[in-house]
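Given these sequences and hints, build the entire structure.
Residues per chain are reported as follows:
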Amino acid sequence: MTTFAPGTFKPAPGRGSLPKMLFVHARTEAMLTLRNGEQILLTVIIPLALLVALSLMSVIPMPEPRVGSAAARIFALAIISSAFTGQAIALGFDRRYGVLKRLAASALPRWLLIAGRVCGALVVVAIQIALLAVTALILGWKFPLSGLPWMVLLIVLGTLTFGALGVLLGGALRAEIVLALANIIWFVLLMVGGVALSVPVGFVHLLPSAALAQALETAVVHGTAPGVGPVAVLVAWGVVAGALSTRTTRLT
Amino acid sequence: MSPNPQPAVEVSGLVKRYGSKTAVDGLDLVQQPGTVLALLGPNGAGKTTTVEICEGFRSADDGTVRVLGLAAGSEALRPRIGVMPQGGGGYPGIRAEEMLNLVAACAANPLDPKWLIEILGLSGAVRTPYKRLSGGQQQRLSLACALIGRPELVFLDEPTAGMDPQARRLVWDLVGALKDDGVSVLLTTHLMDEAEALADNVVIIDEGRVVAQGSPAELTANRPDDQQLRFRARPGLDTSLLSAALPEGLKVREATRGAYLVEGLIDPQVVSTVTSWCAQQGVLAEELTVAKRSLEDVFLELTGRELRS
Chain W
83 MTTFAPGTFK PAPGRGSLPK MLFVHARTEA MLTLRNGEQI LLTVIIPLAL
133 LVALSLMSVI PMPEPRVGSA AARIFALAII SSAFTGQAIA LGFDRRYGVL
183 KRLAASALPR WLLIAGRVCG ALVVVAIQIA LLAVTALILG WKFPLSGLPW
233 MVLLIVLGTL TFGALGVLLG GALRAEIVLA LANIIWFVLL MVGGVALSVP
283 VGFVHLLPSA ALAQALETAV VHGTAPGVGP VAVLVAWGVV AGALSTRTTR
333 LT
Chain U
15 MSPNPQPAVE VSGLVKRYGS KTAVDGLDLV QQPGTVLALL GPNGAGKTTT
65 VEICEGFRSA DDGTVRVLGL AAGSEALRPR IGVMPQGGGG YPGIRAEEML
115 NLVAACAANP LDPKWLIEIL GLSGAVRTPY KRLSGGQQQR LSLACALIGR
165 PELVFLDEPT AGMDPQARRL VWDLVGALKD DGVSVLLTTH LMDEAEALAD
215 NVVIIDEGRV VAQGSPAELT ANRPDDQQLR FRARPGLDTS LLSAALPEGL
265 KVREATRGAY LVEGLIDPQV VSTVTSWCAQ QGVLAEELTV AKRSLEDVFL
315 ELTGRELRS
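Residue numbers (the working numbering), protein chains in the order written: chain W, 83 to 334; chain U, 15 to 323.
Hints are computed from structural coordinates only; laboratory data are not their basis. Glycine included, C-beta positions come from ideal geometry on N, C-alpha and C. Do not take every clue at face value.
To be verified - FRET-style restraints, in silico, Cβ to Cβ: (1) D214/U - I259/W: 44 to 50 Å; (2) F86/W - L255/U: 53 to 59 Å; (3) T330/W - T78/U: 26 to 32 Å; (4) S99/W - D126/U: 14 to 20 Å.
To be verified - Dumping the calculated DSS-like pairs for lysine-lysine here, alpha-carbon to alpha-carbon at most 25 Å: (5) K193/U - K128/U; (6) K102/W - K92/W; (7) K145/U - K193/U; (8) K128/U - K102/W; (9) K145/U - K128/U; (10) K92/W - K128/U; (11) K306/U - K92/W.
So, in structure tokens, the structure goes:
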């Protein structure tokens with residue numbers, strides 16, 4: 083028989099401090115992503131390889147300056163990889179393993195459950211972009227510093243929009259279906275969604291992938307503010323996905 | 015100590031439907047603070063639905079549920095309760111201590127995660143990701159998550175499912191320690207011995223309704239003549255002589271091969287009659303016991319003996 087000193091479990095309930103909860107939750111989310119080999123392949127290795135390929139292989143059509151254009155597109159891809167595909171798959175399996183229910187049963191407020199995930203995703207995206215940017219600079223990318231605030235803004239907006247889309251997918255369907263769909267959509271967006279290549283078809287510009295790549299290209303290559311069009315497209319997708327996902331997301 | 019006027023859990027007229035199926039059908043229960051209440055029932059009786067409504071995971075279709083005097087599901091309630099959902103819960107890739115640290119960060123005065131890991135016997139699995147823990151290990155981690163915030167009231171949904179006997183014993187000891195420290199515990203189980211060993215009060219539910227409630231003693235000893243004397247001896251003894259020697263109203267039968275059962279009001283005279291009959295037969299009565307109805311007898315009587323799909 084195991085005995086416990088009297089008073090060991092004497093009730094002393096209370097909610098932890100909000101900043102600490104947010105910090106620990108975001109750190110946990112980021113750490114789990116960075117420790118997951120498949121996630122690293124998708125979010126870091128493949129984008130790095132594509133950045134090198136697009137920069138060096140002239141068989142792939144790419145506007146000049148070649149490395150700058152490639153960097154902008156791969157930044158967009160990296161955001162889609164982690165905020166959309168990575169988030170959707172993680173959420174699908176998190177639901178399968180009951181963690182959302184577990185956390186929803188703790189004193190963690192519901193808004194913080196979302197805020198922690200968003201902050202965790204932003205940390206991962208920041209690390210991805212840093213790695214890709216350093217690689218692009220080595221490859222000869224000349225970054226006009228005037229584009230930096232726009233680039234940061236677009237990275238945050240892109241993460242939120244694709245994060246909302248990822249939650250919409252990962253929060254509603256079974257984990258295996260999420261896994262398959264999230265990867266297929268990633269591949270389709272990469273090839274014909276205006277990410278790797280400019281696709282001169284009208285409706286492609288209405289996709290969030292093309293909008294993000296185009297807006298980032300403006301900031302990263304020309305150092306100027308992105309057009310209203312692409313930003314509006316991103317915001318619209320994000321708002322609609324966010325609103326829908328609050329109705330469709332299930333804890334388990 | 016004067017009784018606290020405010021119950022830990024108070025459910026009245028609770029109704030929950032899933033489509034055309036009524037999972038909970040007008041359920042009432044009251045749990046006094048600092049007590050252990052077991053919801054006992056067969057699979058599909060509505061135990062988990064009831065508990066999840068109390069925890070705030072599901073909404074009631076009708077009736078009221080007050081937990082620690084607050085409406086179930088209110089934000090103010092969550093820091094005050096500890097929840098162990100059925101089947102546990104954790105990030106697939108997280109390690110036990112990381113999960114506990116996260117849940118501990120949500121509490122103002124958490125228990126020490128390292129200590130909890132140790133007493134729950136998870137020290138050997140500190141680097142194992144959640145998805146590779148055994149079912150019993152996941153359950154123990156989930157229990158740690160329920161306790162770490164020093165709650166006033168703990169909900170344990172099938173706390174020992176998938177656990178080996180040692181872990182089960184540990185959970186029982188923990189529930190005892192919680193009660194001694196004034197924590198209210200509401201648990202669900204379909205294990206009679208668990209309910210009998212842990213609970214101050216047992217609420218037996220079936221098909222969403224309360225079919226009986228009371229302390230284990232009350233439930234098992236409500237009829238003084240409903241006792242049993244059991245013993246083992248050589249199979250195939252002729253019990254008609256014994257039957258004739260016993261007072262009116264006592265029944266004798268060979269329940270299973272070699273296991274004899276005398277039912278009715280068992281007094282010392284009856285025991286003496288049985289042993290002398292055995293002596294006449296030249297057999298030794300082994301494992302001779304006198305027992306009240308077990309909770310299992312009560313349970314099977316109330317909920318039927320046929321298997322439920």
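Each hint tested on the structure:
no.: 1; hint: D214/U - I259/W: 44 to 50 Å; result: 46 Å, holds
no.: 2; hint: F86/W - L255/U: 53 to 59 Å; result: 55 Å, holds
no.: 3; hint: T330/W - T78/U: 26 to 32 Å; result: 29 Å, holds
no.: 4; hint: S99/W - D126/U: 14 to 20 Å; result: 18 Å, holds
no.: 5; hint: K193/U - K128/U; result: 23 Å, holds
no.: 6; hint: K102/W - K92/W; result: 24 Å, holds
no.: 7; hint: K145/U - K193/U; result: 31 Å, violated
no.: 8; hint: K128/U - K102/W; result: 19 Å, holds
no.: 9; hint: K145/U - K128/U; result: 20 Å, holds
no.: 10; hint: K92/W - K128/U; result: 18 Å, holds
no.: 11; hint: K306/U - K92/W; result: 36 Å, violated
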